[in-house]
Structure formats: structure tokens, C-alpha cells
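Protein chains in written order, with my numbering: chain A, 562 to 674; chain B, 2 to 116.
Do not rely on the hints blindly, as some may be mistaken.
Claimed, not checked - Distance condition first, Cα-Cα at most 16 Å in a straight line; then the derived EDC-like pairs of lysine to aspartate or glutamate:
1) B:10 x A:620
2) A:564 x A:579
3) A:599 x A:583
4) A:631 x A:647
5) A:564 x B:60
6) A:631 x A:605
If you're looking for bench data, these hints aren't it; they were derived computationally from the structure.
Nothing here was measured: the structure is a model prediction, and the numbers come from that model.
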Amino acid sequence: AQKVTQAQTEISVVEKEDVTLDCVYETRDTTYYLFWYKQPPSGELVFLIRRNSFDEQNEISGRYSWNFQKSTSSFNFTITASQVVDSAVYFCALPHTGNQFYFGTGTSLTVIP
Amino acid sequence: DGGITQSPKYLFRKEGQNVTLSCEQNLNHDAMYWYRQDPGQGLRLIYYSQIVNDFQKGDIAEGYSVSREKKESFPLTVTSAQKNPTAFYLCASSIPGQGAGNIQYFGAGTRLSVL
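The following block holds chain A by itself, in its conformation from the complex:
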């Protein structure tokens, strides 16, 4: 069965600090994808990144970076020099057959100015 664990329920940081959001997953699939989504206060989930299990290279997009490690079944998300606009709930997700997404319980990030 698919399972995604986001152990950090809430995180608060001061603006310009770096912050890492953890995601640990379980799957019996040999190939799979992992996703991160952002949910701002408006409620709509915004797609951030998709990663294929074949590709363990870290990815950087502006202030965002992702560290994928199959050996520890983790797909962690780091925001560098955080900003108030980064305040949101962040979800890690693992799709299964039929593109059914299994979401973690989310990490609520508050960036304090």
C-alpha cells in the first residue's frame, strides 16, 4: 500500500531563514513518481514539482530545492531565504494505479516577517 508521512505538522521560521520540509514514503512499486504541492490560504493546491524514481538528482528552482533519496525513501523540500509569501500548507504526494494520489497530512509553514 502507498503511504506518505509528513511528520512536521507546523513549522515557524523568521523571514530569510532556510527551512526543510520532510517527506517519507512507502511503496512496493519499482517505479513511481513523487510530487510536492503548495496550498496557500486561498485553498487551491498549486503544483510545485514531480520527480520520477529513476532520477535521484537533486533539483533546484530558484529558492526551492528538492532532495530525493531512495535509500531512505525520502523526498525533502528546502526553501532558501524564506519569504512571507511562502507561508502555506505543503503536501507531498505519491500516486498509485489509476493516478490515485496518496497525500501526506501536510506541513503548515508560517514565515514571520
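Put chain B on the given structure of chain A with help from the hints.
Frame of chain A, contents of chain B only:
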């Protein structure tokens, strides 16, 4: 602009009443999904549809019903059998595929409360 429109934004249900949440997309996606979000529980799949006139139950389908008569539309009915309907409901769509990994795009959600 292409996107997913959910309406209404807020909805109130009386005891014993069925209510229908609307989801319309103009992304030309074949697959559509309904999720329920409760505080601290993440998103859980209610129903999904890979193609018109076909849909499957997700993990928490009891007390809900859907239809998929048009590609653009996937309405969700919360029936009186759903005893705890208060939640935030999100609709999503994606290109189809038998495998997993297609990006799902989400609407802005409907917040349902019980009077």
C-alpha cells in the same frame, strides 16, 4: 484562461438534504477527481473518473455520488447518508493514463458546512 472552476465557494447543508458541488474544467483533460480535506488529515480521494460515463470509488466514497456525462463536468453530490459532511472539497483534473504520475491540477475548492 484554462483552469478548473468549483462552485459555490461556500455551501451550507441542512439535515437530511442532498447538496451538489460543481466542478468544471476547460483544460481538455479526460481524468477528473474529487478529494475531501479535513484538518490534520490531508486529502482523501472520494471518486475519480478516467473518461466520460465511467467513474470509480476512491477510499471514502460512502455517502457521496458522482456523474460524468460531459468531459468538462464532474459534479459531486453529498447525500444525506454522509453523516459528517463538513469539510473542504477539492476537484482536480489530469490527462489520462493507466499508469501513475500525471500532474493533477486543482480548483479553488468548496467549503461545506452543516447548519
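To see whether the hints hold, each was checked on the structure:
{"no.": "1", "hint": "B:10 x A:620", "verdict": "35 Å, violated"}
{"no.": "2", "hint": "A:564 x A:579", "verdict": "27 Å, violated"}
{"no.": "3", "hint": "A:599 x A:583", "verdict": "14 Å, holds"}
{"no.": "4", "hint": "A:631 x A:647", "verdict": "27 Å, violated"}
{"no.": "5", "hint": "A:564 x B:60", "verdict": "13 Å, holds"}
{"no.": "6", "hint": "A:631 x A:605", "verdict": "29 Å, violated"}
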